[in-house]
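There are 2 protein chains.
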Amino acid sequence: MGVSLKDVAQRAGVSVKTVSNVVNSYPHVTPQMRARVQKAIDELGYRPNLTARHLRKGRTGIIALAVPELGNPYFAELAGAVIDAAARHDYTVLVDHTAGRREREIHVSQGFSSHVIDGLILSPIHLETEDLTGRDETVPLVLLGEREYEAPYDHIAIDNVAAAREAVRHLLSLGHRRIAFLGSRTGHERQPAHMRLRGWREELVAAGIEPDEALVVVTDGYGRADGAAAMAALLDRGERPDAVFAYNDLIAIGAMRTLTERGLRIPEDVAVAGFDDIEDGRFCAVPLTTISPDKSAIARLAVDRLTARLTGQPPAEPRRERPGHRLVIRDSTAGRSR
Amino acid sequence: MGVSLKDVAQRAGVSVKTVSNVVNSYPHVTPQMRARVQKAIDELGYRPNLTARHLRKGRTGIIALAVPELGNPYFAELAGAVIDAAARHDYTVLVDHTAGRREREIHVSQGFSSHVIDGLILSPIHLETEDLTGRDETVPLVLLGEREYEAPYDHIAIDNVAAAREAVRHLLSLGHRRIAFLGSRTGHERQPAHMRLRGWREELVAAGIEPDEALVVVTDGYGRADGAAAMAALLDRGERPDAVFAYNDLIAIGAMRTLTERGLRIPEDVAVAGFDDIEDGRFCAVPLTTISPDKSAIARLAVDRLTARLTGQPPAEPRRERPGHRLVIRDSTAGRSR
DNA sequence: CTGAAAGCGCTTACAG
DNA sequence: CTGAAAGCGCTTACAG
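These protein sequence lines are chains A and B, in that order.
Sequence positions in the first sequence follow this note's numbering and run 222 to 559.
Sequence positions in the second sequence follow this note's numbering and run 222 to 559.
Not one of these hints is a red herring.
The list treats identical chains as one, so a pair stands whether inside a single copy or across any two.
Restricting the straight-line Cα-Cα distance to at most 25 Å, the calculated cross-link-like pairs of lysine to aspartate or glutamate (DMTMM-like) are: (1) K278 with D228; (2) K260 with D357; (3) K260 with D352; (4) K260 with E351; (5) K238 with D263; (6) K238 with D228; (7) K227 with E264; (8) K278 with D525; (9) K238 with E264; (10) K227 with D263; (11) K227 with D357; (12) K260 with D228; (13) K260 with E358; (14) K227 with E358.
Bear in mind the hints are in silico, worked out from the structure with no lab data behind them.
All chains should be modelled from the sequences, with the hints used to inform the complete structure.
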């Protein structure tokens with residue numbers, strides 16, 4: 222069907238090797254030879270078959286990125302950053318989303334398209350350490366995000382505990398004492414929200430305040446609707462926090478929705494802080510205070526770790542990289558200080 | 222490096238063909254033979270090399286989706302829908318974003334990774350019809366979105382003119398007369414905003430109102446910041462619309478930000494309607510009235526058209542598909558009617 | 001129902 | 001500086 226190297230070689234009256242040399246800009250080809258071959262290439266409209274090249278070279282130039290949900294702006298923004306970072310290394314990115322479902326995460330982690338991807342960046346939600354044993358070790362894996370694993374993989378994540386503490390400290394500094402946490406999860410220690418919840422607890426204790434577990438709300442998911450429902454549930458059971466620290470911005474935005482509907486003012490009645498610094502938060506009616514992870518650093522580090530392993534560097538120890546973050550104070554906690 | 226079919230065949234003491242038959246669940250294999258081969262597969266940890274299969278079959282099972290910006294929730298949500306729709310056809314999706322830059326769109330449209338993708342779904346911003354001539358016709362292309370092309374490709378887009386007219390009609394029905402349009406573009410007829418702007422004009426004329434071009438604001442981009450700037454520019458030059466129809470929800474959200482900052486109430490002072498129905502709009506302090514395109518229908522139709530061409534069906538005429546849309550009325554135009 | 005062989009389109013030692 | 005040949009790991013007629 223397509224035009225092959227052989228066709229070009231025939232047309233140019235040279236060997237396949239010579240055409241290959243030209244296509245790959247091999248330096249030692251005489252200019253007139255190059256011109257002759259190029260002419261044949263143009264006339265025939267030849268385009269190299271990358272699949273064949275991949276088979277031959279044993280690599281494809283494709284890395285996969287699997288995130289829980291592309292509809293979550295944090296992951297969409299991160300995916301964009303990964304695509305850009307990968308492009309700088311001449312890699313193409315295959316984006317998949319797992320809906321946070323463990324079986325999809327397992328499938329992906331085990332190299333969902335065997336031999337079509339050179340490496341994988343995975344941001345898990347429900348994946349467990351044991352799911353990671355017995356995976357095909359020929360495909361390097363870089364883990365992203367808050368979950369901790371006892372498995373020998375590079376892991377890129379900001380310091381979630383420290384970041385959460387900063388957010389809570391900020392709320393405390395404004396005089397808030399009844400600070401709710403929205404977006405916890407039931408289940409064991411390694412739940413995604415664990416670190417941020419721990420930061421909430423630690424900072425309260427450090428301030429001499431007993432963490433009130435009645436102010437911790439479990440949500441079903443991580444979306445705006447979950448945040449709205451969580452806030453409503455909290456208010457409905459008679460709790461009246463003076464501040465809310467949400468697992469992420471979406472939950473915070475949902476919570477603000479409920480607060481507004483209930484006639485509570487932000488931040489006068491209830492201050493709200495989130496986590497992720499998605500663009501939505503900057504344009505809310507009341508712009509949202511949040512922890513801003515350095516997304517482009519996360520993307521860059523992830524791609525760098527992957528390409529380092531891909532280019533056969535000495536198989537270094539799995540590394541724990543901690544990209545930066547910062548607290549961004551906006552009206553949802555600070556009043557009209559913008 | 223990897224374990225190949227041949228290794229498995231050797232171990233099981235059968236021919237390569239037999240192993241291939243087992244791997245591909247070819248029906249006519251005796252159970253005991255299947256068991257024997259499966260045992261060898263398990264022992265060796267064999268995993269088929271998809272690249273080789275792809276080379277052999279001439280297809281890869283990968284389709285590419287190129288959108289302007291993954292950071293725009295509309296495209297992120299659409300990408301998620303395309304990934305899901307493609308999975309139902311056993312296709313994997315390679316997501317790329319073009320930043321709306323024409324040269325990236327050209328690159329992508331010409332099959333950026335030749336022979337690694339079977340087909341392409343492209344949502345262009347600045348691509349021109351002439352950029353589409355001379356592309357490699359072996360890779361089917363489906364176009365998405367508002368731009369019109371005189372090129373023989375399947376094109377999936379809601380009826381943008383009709384949808385825009387519905388939005389404007391809704392605003393008119395509420396008594397608004399000075400309705401601004403935010404998010405126009407300079408340049409020729411085929412600019413992306415053209416159809417929606419045309420809908421705005423047509424509906425005003427139909428209502429016996431002379432479209433006031435002073436109420437049309439050109440923006441640099443399609444983000445929240447552009448909407449905020451556009452609204453500020455409009456107010457700064459002394460125009461005071463009683464309603465705003467924005468090219469998309471992001472621009473509408475940005476505009477609402479500016480209106481709130483200027484102390485104007487929504488919808489009492491200025492009603493606002495957007496386009497896209499992204500989730501953000503549902504959770505704004507003032508939930509946003511918008512045109513809701515049927516994203517999953519768009520995704521499904523796009524993937525269906527592509528797979529139809531991929532599975533060698535009679536090369537039908539390029540089709541123009543019109544998925545549905547509906548007007549979703551929320552507080553930003555309707556007051557407290559939720 | 002299974003085997004031996006060709007070939008998808010490349011790249012890469014190996015010669016010359 | 002260029003050519004002839006092998007081989008990456010599959011699938012698929014073609015035999016039997």
